[in-house]
Amino acid sequence: MRTESGKVFCGLKGISGALVFLQGSTRISYGEMVEVVGDDHRSRTGRVLIASAETVAIEVYEGTEGLSPTGTRVRCLNRGLEVPVAAEMLGRTFDSFARPLDRGPAPLAREWRDVNGAAINPAVRAYPQDFLQTGISAIDGMNTLVRGQKLPIFSGSGLPHNQLAAQIVQQAEVPGEREGFAVIFAIMGANRDVAEMFRRSVEESGALPRVAMFVNFADDPAVERLVTPRTALTLAEYLAFDRGMHVLVVMTDMTQYCEALREVASAKGEVPSRKGYPGYLYSDLASLYERAGRIEDKPGSITQVPILTMPNDDITHPIPDLTGYITEGQIVLERDLDRAGIYPPINVLPSLSRLMSDGIGEGRTRSDHAHLSNQLYSAYAYTRRIRMLASIIGEEELAGRDRMYLDFGRNFEKEFIGQSFTTNRSIEHTLDLGWTMLRQIPVADLTRVSEAEIAEHLK
Amino acid sequence: MNDSTRAGAQTASNLVGRTAWISGPVVRANLSNQVFMGEQVEVGAERLIGEVIGVSDQQALLQVYEETDGVRPDDPVYGTGLPMFVTLGPGLIGSVFDGIQRPLNVLQQRGAYVEKGAKAPPLNPSQRWGFTPRKAAGTTVQAGDVLGVIQETPVMEHRVLVPPDRQGKLVTVAPEGEYTISDVIAVIRHDNAETPITMAQHWPVKRQRPYLEHLPPVVPLITGQRILDLFFPLAKGGTAAIPGGFGTGKTVTQHQLSKWADADVIVYVGCGERGNEMAEVLMDFPRLTDPRTGRPLMEKTVLIGNTSNMPVAAREASIYTGITIAEYYRDMGYHVALMADSTSRWAEALREVSGRLEEMPVEEGFPAYLAARLAQFYERAGRVKTLAGPEASVTIIGAVSPAGGDFSEPVTQHTKRFTRCFWALDKELAAARYFPAINYLESYSGYLDDVAEWWHSHHDPHWKDLREKAMQLLQEDSRLQRIVRLIGEDALPDDQRLVIEGSRLLQEACLQQNANDTTDTFCSPEKQLGLLKAVLHFVDRAKEVVKKGAPIHRIRETAVREELVRAKEKIPNDKLELLGELNAKIDREMDALFGEYQKLK
Chain R
1 MRTESGKVFC GLKGISGALV FLQGSTRISY GEMVEVVGDD HRSRTGRVLI ASAETVAIEV
61 YEGTEGLSPT GTRVRCLNRG LEVPVAAEML GRTFDSFARP LDRGPAPLAR EWRDVNGAAI
121 NPAVRAYPQD FLQTGISAID GMNTLVRGQK LPIFSGSGLP HNQLAAQIVQ QAEVPGEREG
181 FAVIFAIMGA NRDVAEMFRR SVEESGALPR VAMFVNFADD PAVERLVTPR TALTLAEYLA
241 FDRGMHVLVV MTDMTQYCEA LREVASAKGE VPSRKGYPGY LYSDLASLYE RAGRIEDKPG
301 SITQVPILTM PNDDITHPIP DLTGYITEGQ IVLERDLDRA GIYPPINVLP SLSRLMSDGI
361 GEGRTRSDHA HLSNQLYSAY AYTRRIRMLA SIIGEEELAG RDRMYLDFGR NFEKEFIGQS
421 FTTNRSIEHT LDLGWTMLRQ IPVADLTRVS EAEIAEHLK
Chain U
1 MNDSTRAGAQ TASNLVGRTA WISGPVVRAN LSNQVFMGEQ VEVGAERLIG EVIGVSDQQA
61 LLQVYEETDG VRPDDPVYGT GLPMFVTLGP GLIGSVFDGI QRPLNVLQQR GAYVEKGAKA
121 PPLNPSQRWG FTPRKAAGTT VQAGDVLGVI QETPVMEHRV LVPPDRQGKL VTVAPEGEYT
181 ISDVIAVIRH DNAETPITMA QHWPVKRQRP YLEHLPPVVP LITGQRILDL FFPLAKGGTA
241 AIPGGFGTGK TVTQHQLSKW ADADVIVYVG CGERGNEMAE VLMDFPRLTD PRTGRPLMEK
301 TVLIGNTSNM PVAAREASIY TGITIAEYYR DMGYHVALMA DSTSRWAEAL REVSGRLEEM
361 PVEEGFPAYL AARLAQFYER AGRVKTLAGP EASVTIIGAV SPAGGDFSEP VTQHTKRFTR
421 CFWALDKELA AARYFPAINY LESYSGYLDD VAEWWHSHHD PHWKDLREKA MQLLQEDSRL
481 QRIVRLIGED ALPDDQRLVI EGSRLLQEAC LQQNANDTTD TFCSPEKQLG LLKAVLHFVD
541 RAKEVVKKGA PIHRIRETAV REELVRAKEK IPNDKLELLG ELNAKIDREM DALFGEYQKL
601 K
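In the order they appear, the protein sequences are chains R and U. Sequential numbering of the first sequence, starting at 1, is according to the numbering used here. Sequential numbering of the second sequence, starting at 1, is according to the numbering used here.
For reference, chain U alone in the conformation it holds in the complex:
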């Protein structure tokens, strides 16, 4: 591939045709030279970035990723000879890009607004990176082998790999030293052809990067969120959807996952969402520390922000830009988590462009290829053996914003087909400020059996049984709630009231989690299990006491119940011995009650 960087300093010079018809992001051009489907083009004097989305022998249909105000018929169209691609290399981490990989933190030096036609190379071309070679000249290398490493941030070792389409004998390798991304750091000979390798490479955004072999998703992605890890676990390399109406906490959940999930790299794609949310991420991430490394989260994060008021076609591109960057870090052997907030806005961008193309719509105006596009995106997740051998993964967590909060709409329904975790957010729970507002009856995880073994061998051989016991309590409660709505709670027999009381305690002490509380915001797996066990222990002991005739209000008024509810915020992850004391206290209080009613009998 040549070195004309996309949106970069150099621009294409190859005139391929002239515009004939302009309507918003859709432009028709009369061709004088050949272009191919998916080729990146530049339109007009301002050289707006676009892509070929249809070709005939005389004409091309272009989708332009910037506002086309001011473009006239007969304006020039330039070809790049390359498909839409991203630039990959050191410096991605900590950057903020728009949907077509323009560095927003560089463009901000030119003013507060993103002007159209603004261009800057995605990676800083003059920054020098300290390179340490890992392979010597003369060795034979395969695609994916580590040529050398760069300390990209204090926590990120950036591995310079042999590009996927290259192999052969190393002719030269640069000695340890400082280089820019365009300096040649190695030369590979294959079939008598020599290829220079730099630290930066290009990759077409719509093509999945290759790997050696797909592995089963048996390792959970620990998120530190109790309701997710304990009840609806996600596996590394898995896919999850977070659907929910507005105000149900999709974005807060996505932020929590980016902050606390045990992934090496986070790619956060703010796709058609609020500008102030990106501002919040940009304010929080440099300040928040990763509990695993003690370093700012920004040192392992790539942000892509194409907010709702930025050009709609670039919104469509943002998802592909994000996933390609995620795969790039996966190939270095890292576990990457990609958050897409929100895939519905991405689907709407597809719809908007499709409408301009006057394509035949299917459901709710969406194009017929919506499902295929969603599938292509989610299929790029996975736990794999990389070309060089090590295990790595890309996990995708996509938020869905169903119209009217109605899960029967096309985007939610199609997403359900391609994701295995479904974390359904609930408006009623959110209205009662019950967070995370994940409805435990509607949600599911297809990874339960896959990750059970990991939990059993790493933490507790009874993880699955405990989870089942708790789920049964919740389900029994929801069945009883239907009756309660008709006749009131007081009319139920005591053993059923205890189920309701137990479920309430489980929700308050375990399922609810306060993202704004410094202790509760992240909960270690050990503490998660400890809290769950303490609640179940309380319910078991209360059962014995109620059997002896104690009324429910005595259970509710025990001092230890309140302590149990507050434990999630009071007991830090590193002081779990306090949970033992709590269990002992449960026994003491229940013993006392038991004794009291034993005597009465």
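Here chain R stands alone, though its shape is the one from the complex:
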């Protein structure tokens, strides 16, 4: 770390939760970082929440245990929270403040940047349109990911979201363009097994030299968890917009992040909004998710795949709800599909990729892509309705046409959505497979695809 000097204050007015209060001063500014040292001589990092001539409030990232009002010294750093950024950080593992966790040396960075970044001017954003192939049919065919998009995975406890994320990291590529990716993981509130699983899976794929990991463990203080994704995104922005790299950022688990935000807000005594989460949860999440994108005339991009576990599998819970309003779609995992042994258990109906329509078609994927996926959607939506009916009146009572749909649905889930952890399907393969699925329903029902497409692909 850097050695720094700044004004030192001795003694506190009070301590409450993760907050310490200091006699007011005109030399402390809002949002600046401070170093807090107790009787134990341990150094902690803090940030000014309220700057005032009377009482200054500071949140302490490593927790306030061991601090006492008389024996504590607070040193102002005259800057915001900054972390080092360098291309050499790829291949390494760090904590939330970019301090090495892998016994390696601290990164030799020429540049330090504020973790909060600044808002990208919407007028310089380039609209994301480059198809990113993940090799997973349910995503490529039905909810296409494009470079610069933020597409979260909505999951539940016990569902294979980590596996799916690892598979996306291993397989993601722009077809016909075999250049390297940088991948950045922000792992929040994870137990050590999960962190290890991610590390192993990238190691096995040989991608480790292109991967940087920022890990905050489940037993680390909650306030620190609020910094992890910001540190990761600060490095991502440097690599993408200063070094011209295509960066994929995987953030997991956003639910843990939001829980930490709630914990800290409640300690500050703020007025809670829905389910006890602070009223600014939306703005706070947006300050992370909106750091994805592309910038005109710059070669790099940041694509985000945040992962969150929906508490009680409830998609209307504030965390998935507000996330869905910010991100450009969502990939929803479903417990029933998982129980039926289908991997990846993606329910395509509530899933969506908002940037899909402009990232597919002639010259990007294939001209029939849009119509085909539309047709598969409407057929599968109908299948789900028929299934409900069948569970009431029995499958035998259904009309022949409806039974055809049930068969279509089963095959669609097993063969189109289902694939193995190591299967990497090209977009052509995925689309052809989609047409194979459509053979199982009456041609008269295929109103979303054109006659010419039927003639070309269904013969």
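Hints are computed from structural coordinates only; laboratory data are not their basis. Note that CB positions come from ideal geometry on N, CA and C, so glycine has one too. Incorrect hints may appear among the rest.
Said to hold, decoys possible - Taking CB as the label site, the calculated pair distances span:
hint, chain 1, residue 1, chain 2, residue 2, range
1, U, Gln208, R, Pro442, 17 to 27 Å
2, U, Glu176, R, Ala452, 49 to 59 Å
3, U, Lys464, R, Leu458, 37 to 47 Å
4, R, Pro442, U, Glu569, 14 to 24 Å
Add chain U to chain R, keeping to what the hints say.
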């Protein structure tokens, strides 16, 4: 008013106090000089833009529209002596502003990020505009009179008006020529005081601009979207809400309306939404052509983009900035449509600031004045007679993003009270990729009777009857669907199955509309009526055939049914004679079926 432009090159110099307490966007200041409620102030060395939201004799409460990181106690606070205002004048069209009218397309030259404290005048001060006078010196003018005109874009004639608070005798008028926005183009004398008039003026954002008289909303805003124009029409000067959970197509609907609605000017406010959506608008609008003028849409559009990661207080301001600009163009005699995407994010900004002020929250943490603020916003819509006489309007279309997709939450409920059109988006329809995903049972329009006369005199005297007939079919279908869910469609008698089949056809051939299809994305009123009539004709003829004993699958398998479904994409707006052929084909096929089953009897 003096000429210190907001966020502009000149800054206020009047020191009114010093900061005492800073927490995010909320700052308390100890006063040395007087300020008034709503006064625009500048805070700290970086001169961050703020507004006075509370005053006592010693202290002021300020809301700052930029990030306050780095502000310390005892930093200076400067007063402007003016309420929060926008700069109005030529050059607004085609610009992209943030919530406090900083020109984003100018700031982009300084880097990809919006740095705090960044300042630039909203309108280009050095650009010269060709001015043609319309009034001669010596004439007496009233507020709202056209002094002269400027060709702002190839399709926009910008009318320079006598400001609302001015009248009198014209002492001088500039001759035809090129002028900047700060050049004096006229001088008005009133009560022996002379007022110079420039092409730019300021107006406080929270005050409605005056007009002569409110007119009833009897002219529909044609949107080219069948389900809206035919079933839930919006009137010029009306208000509409588009509520829907995420992924239901609120933004696509807003974009479609901005692209195709028959308004002279579009003000699009991206309020707390995605950066990539603004990027899409910025990419699409210069490329897309207005079907009415054949020119790029950007030539009649003002964009305001305060994305979700930009400062939250400026998000609150963006709505007011937008509506004031809309009223300014209305006063020139134009029909303006304002899209606000999304008013929920605006309400959340109110909540966030209210929380910082430690105000007593009511429902779900929202402040008690939420309803009043929403009402004030929507009440600025209207079809009016402007000060100078001509008819003009501001139409407001607000997207609402209800938490959890649940329409019972406060923002949706209050919005329902103040808007007369309610276009409810439906998650299930969206999941089946049925677009626009507007639920026809939950949606309503309060303008049906108001605009019926217009449809009857301009297009078809049976517009209302046709609509009612189609709605009945849809309602009957939804009643039957409840039974179908229990016993299956096949168990119903044939006449009821025909209702279901007819409703399905109506939805596929008429209500569904593909925003990505070059033909279907905009549907002229004539084509809308043509398609609706063809569907109803098909259903009527099918009824006769089914009565003769033909099974439903024969109806479904007719070749003309499929043609009818594809007609929306195959028949362009200028080849409506093809619809006649389609009707003839319906008759031929139905006649054949009728004959076949007549014989069997």
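Hints versus structure:
A C-beta distance of roughly 58 Å is found between U:Gln208 and R:Pro442, which places it outside the suggested range of 17 to 27 Å. Remark: the range hint 49 to 59 Å for U:Glu176 to R:Ala452 is upheld by a beta-carbon distance near 57 Å. Checking the proposed 37 to 47 Å range against U:Lys464 and R:Leu458 shows it holds: the Cβ atoms sit about 43 Å from each other. Distance hint check for R:Pro442 and U:Glu569: the Cβ-Cβ separation is about 21 Å, which falls inside the suggested range of 14 to 24 Å.
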